[in-house]
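One-letter residues, chain by chain:
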Amino acid sequence: EAGVAQSPRYKIIEKRQSVAFWCNPISGHATLYWYQQILGQGPKLLIQFQNNGVVDDSQLPKDRFSAERLKGVDSTLKIQPAKLEDSAVYLCASSLGSGDQPQHFGDGTRLSIL
Amino acid sequence: GENVEQHPSTLSVQEGDSAVIKCTYSDSASNYFPWYKQELGKGPQLIIDIRSNVGEKKDQRIAVTLNKTAKHFSLHITETQPEDSAVYFCAASMNNQGGKLIFGQGTELSVKP
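Line by line, the protein sequences give chains A and B. Note that the first sequence covers residues 3 to 116 in our numbering. Note that the second sequence covers residues 539 to 651 in our numbering.
Simulated from the structure, these hints should not be mistaken for laboratory data. Glycine is no exception: its CB is placed at the ideal position from the N, C-alpha and C atoms. A hint or two may mislead.
In the DSS-like style, the derived pairs of lysine-lysine whose C-alpha atoms are separated by at most 30 Å in a straight line are [to be verified]:
#1 Lys580(B) x Lys17(A)
#2 Lys64(A) x Lys595(B)
#3 Lys46(A) x Lys13(A)
#4 Lys13(A) x Lys596(B)
Here chain B is said to cover these stretches of chain A; the calculated rule only asks that three of the stretch's residues, wherever they fall, bring their Cβ under 8 Å from a Cβ of chain B [as the list claims (entries may be wrong)]:
#5 45-58
#6 100-108
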């Protein structure tokens with residue numbers, strides 16, 4: 003089966019600019035997650051969707067980050083305006099359902115802020 | 539909230555030796571514990587997981603043990619090979635938290651030929 007697809011793989015922008023990331027989960031997976039991974043650390047959850055509804059966005063900096071999953075399949079994560087501390091890898095993961103279902107990750111988008 | 543501590547941060551072994559990575563968690567309600575392997579430039583890859591109703595699980599050269607009383611779990615890799623070199627992450631989650639994974643800080647494993 004095809005894995006989680008993410009694009010772009012790399013993005014370089016200047017601070018205060020905007021950027022968007024795209025994720026296509028594994029077919030049939032109802033739950034989609036966006037994680038932020040800062041260099042040298044483990045991933046940290048930003049937002050979780052169940053189909054097209056938000057389950058958990060408690061760690062999402064809502065003044066600058068937004069995410070949507072309008073049709074319950076693909077998802078986009080946006081940052082506007084970007085700050086230097088947003089430099090990280092943004093990982094998308096999906097699972098069949100929530101709870102103790104295995105999460106499968108894409109290869110991420112590496113974002114560098116100048 | 540849940541906190542996961544992982545040790546050691548770096549581990550170097552000779553090819554053929556065993557490697558052990560340990561994690562502790564803080565919330566006794568956590569019930570799912572996956573382990574991920576992350577290679578440079580790649581996303582985390584699930585290698586094994588264990589649920590709280592099981593004490594041990596094995597898959598070829600990889601095994602995971604769980605001690606619910608002490609709130610710690612460990613990854614054991616036997617007969618290590620150079621291709622096992624990567625960063626390994628443990629994680630914990632709770633059913634009543636929707637499956638959000640809380641990750642440890644990672645262990646960089648180096649297997650010397």
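Going straight from one Cα to the other, do Lys46(A) and Lys13(A) come out at no more than 30 Å? holds, 20 Å
Next on the checklist: What's the verdict on Lys13(A) and Lys596(B), does the C-alpha distance respect the 30 Å limit or exceed it?
Outcome noted: With a Cα-Cα distance of about 39 Å, the restraint between Lys13(A) and Lys596(B) is violated, given a limit of 30 Å.
Original post:
Within a Cα-Cα threshold of 30 Å, do Lys580(B) and Lys17(A) meet the stated pairing?
Top reply: holds, 25 Å
**Agreement of Lys64(A) and Lys595(B) with the hint, judged by alpha carbon distance not exceeding 30 Å** = Roughly 40 Å between the alpha carbons, so the hint for Lys64(A) and Lys595(B) is violated.
**Item:** Cβ contact check, 8 Å cutoff: the stretch 100-108 of chain A against chain B, three residues minimum
**Value:** With 9 residues close enough to chain B, the hint holds.
Worksheet item: Three or more residues of the stretch 45-58 of chain A near chain B by CB distance under 8 Å?
Response: Three-residue rule met by the stretch 45-58 of chain A, so holds; n is 7.
Against the hints set out earlier in the document, violations occur for numbers 2 and 4.
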